[in-house]
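Asker: Chain by chain, the residues:
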Amino acid sequence: MSAVALDKPANATLRRWTDFFLLIAGLVVVWYLLHLWAGEVALTSPYETVAKLIDLLGQAWFWPHVGETLLALFYSLLIASIGGLGLGTLLGIHRLSGQVAEPILVALYALPKITLYPLILLIFGLGLSAKVAFGAIHGIIPVTIFALNAVRNIKPVYLKTARVMRLTPLQAMRTVWVPAALPEIVSGQRIGFALTLLGVLLGEMFASQQGLGFLIINAIGLNDVPVIMALALLLALFAVAVSSALLALDRKLHQRS
Amino acid sequence: MAASVETMPDAPKTMRDIHAPVHASVAGVTRIFPAVGEQPPVHALGPLDLDLVKGEFFAVVGPSGCGKSTLLEVLAGLSAPTEGSVTFEGQPVSGQVPDGVGVVFQEDASFPWLTVWDNVAFGLRRAGFDASEITRRVDYAVGFMGLADFAQAYPAQLSGGMRQRVCIARTLVLQPRLILLDEPFGALDQQTRLLMGDELLRLWRETGATVLLITHALDEAAMLSDRVGAMSARPGRFIELVETGWPRERDSRIVSEDSFGRLTGHLWSLLREESMKASGHQMGRQK
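Chains F and V are the protein sequences, given in the same order.
The first sequence: position 163 = 204 (this note's numbering), numbered continuously.
The second sequence: position 78 = 1009 (this note's numbering), numbered continuously.
Hints were generated in silico from the structure; no laboratory data involved.
Any given hint could turn out to be false.
Using 20 Å as the maximum straight-line C-alpha spacing, the simulated SDA-like pairs for lysine to any residue come out as follows [what the hints assert, rightly or not]: (1) Lys293/F - Ala1084/V; (2) Lys293/F - Gly1031/V; (3) Lys196/F - Gln1037/V; (4) Lys196/F - Ser1025/V; (5) Lys196/F - Gly1091/V; (6) Lys196/F - Ala958/V; (7) Lys196/F - Gln1106/V; (8) Lys201/F - Gln1106/V; (9) Lys196/F - Gly1092/V; (10) Lys201/F - Gly1031/V; (11) Lys293/F - Trp1044/V; (12) Lys201/F - Pro1166/V; (13) Lys196/F - Gly1031/V; (14) Lys196/F - Ser1063/V; (15) Lys293/F - Ala277/F; (16) Lys196/F - Gln212/F; (17) Lys293/F - Ala1118/V; (18) Lys201/F - Ala1058/V; (19) Lys201/F - Arg1056/V; (20) Lys201/F - Arg1094/V; (21) Lys201/F - Ala1084/V; (22) Lys201/F - Gln1088/V; (23) Lys93/F - Gln212/F.
Computed from a prediction, not measured in an experiment: that's the story for all the values here.
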């Protein structure tokens, strides 16, 4: 183990962390300046927001709301990820179906789904199932579109290679189709996650008695800016953490191709 | 026997034994792609006959779009002929690629999600060889193709020529008795192609396999093969099968021999008119 060989990566890691902290510090400064400009009534300061969030996390009544949101998100993600993956794979394999479905999916993707929320409520009623359904319809469309393209864009020469190697259909699926499509599928899951979270929170903001979305709309009604800000910070931290993990995986997979 | 030939470069003799058994053959093969929508059916190939002799190096040249790749796909069992029959080692070829046939494609077919070593081991693992045999064959092929320093690299880190070597090594480890190459060096620069040609000759000598090489480069065909099949414009048929007469021990240095120039010139005279047809030129007094 030579010191020279270890030197470079260590430096690069240090650099990355320095950049990361500089970025965070910059964002906090901008936040603080906005707070000065907009005033206490509209935007709480970074310090107060963090203090409020710590306060909320210490309250016993707060955690069931977090649990409710996580549960709804979990079910929605399950439907969006697995359903979208299955649907996209089938549409990718069956060329004609894919060609018919793709413009419909793109149109649905562009449609503001909040306009459908009254229908969702009528079908599923108030409560968990409506939130889950609303989250899932947000997430399932990008996951499907990405999976469809991932399968459709597998290089034909890979499939020919599988035939030349005399692979069984199952071997070809496991060792060629899946790894070839995986990078795009992970990209789809990443975007699907962000939209599913959005869907669940929107679902909770209207017609719900539980969850973080409900707490936000409640705080908006009371004009309780510190609570709004604290919840926004909590959700941002959560979304950034999950997205970063998926992005890291995504980058790693894409680097190779 | 090769040594006696090497001492007489001016009088090369073919090492191909004309009495050697037929290894693979196509007989009366045509390939017509059916009409799609408004498009009329396309008669891509044939009728065409070809007997590949065991252990020979056969090159196919022809104008673009003449059905060279279609011929390869039919021979490999990747697509079925519209008429005619294909046999490999006496068995009819239909529906699937026969055991003992290896194919290298023009496009980069290395798997980007596997390291060079794992790419080369891919077919062996699927075929269920035991670990020590896989290690032995892969290490040998990786070394043979000059990839030893890159065994743990991913294809994205390699040049186009290196990736093509990975694909060749991946085919080689399965010890195919018939190797089909579809313009494997088409995307490479001239110098790299000459060097890859040398490696291909080395590989051919060492394995004793029958090789069919599709190429658009007349010099490549003239330099590498025992026989060259010159194909007409679509529908592709053989105009002439040209014997090169090279000794089995040969390398890219034969490009400086007189007979190499004559061979390439002869091939071009066969193909000139066909190439013009293929590229849509009007031939003045053709009739």
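Asker: Decide if the proposed pair is consistent with the structure: Lys201/F and Gln1088/V, CA atoms, cutoff 20 Å inclusive.
Answerer: violated, 23 Å
Asker: Is the Cα-Cα distance between Lys293/F and Gly1031/V 20 Å or less?
Answerer: violated, 36 Å
Asker: CA of Lys196/F to CA of Gln212/F, is that 20 Å or under?
Answerer: holds, 17 Å
Asker: For the pair supplied as a hint, Lys196/F and Ser1063/V, confirm whether the alpha-carbon distance does not exceed 20 Å.
Answerer: violated, 32 Å
Asker: Holds or violated: Lys196/F and Ala958/V, Cα atoms, limit 20 Å.
Answerer: It is violated: about 32 Å lies between the C-alpha atoms, which goes past 20 Å.
Asker: Is the straight-line distance between the alpha-carbon of Lys196/F and that of Gln1106/V 20 Å or less?
Answerer: Roughly 25 Å separates the two Cα atoms, so the pair is violated.
Asker: Could you grab the alpha-carbon distance between Lys201/F and Arg1056/V and see if it respects the 20 Å cut-off?
Answerer: holds, 18 Å
Asker: Sort out whether Ala1084/V lies within 20 Å of Lys201/F, counting only the CA atoms.
Answerer: violated, 24 Å
Asker: Hey, Lys201/F versus Arg1094/V, does the alpha-carbon distance stay inside 20 Å?
Answerer: holds, 17 Å
Asker: Going straight from one Cα to the other, do Lys93/F and Gln212/F come out at no more than 20 Å?
Answerer: Violated, at about 55 Å.
Asker: Regarding the pair Lys196/F and Gln1037/V, is the alpha-carbon distance no greater than 20 Å?
Answerer: holds, 13 Å
Asker: Taking only the CA atoms, is the gap from Lys201/F to Pro1166/V under or equal to 20 Å?
Answerer: Violated. Lys201/F to Pro1166/V sits at ~24 Å, over the 20 Å cutoff.
Of the numbered hints listed earlier, those contradicted by the structure are 2, 4, 6, 7, 12, 13, 14, 15, 17, 21, 22, 23.
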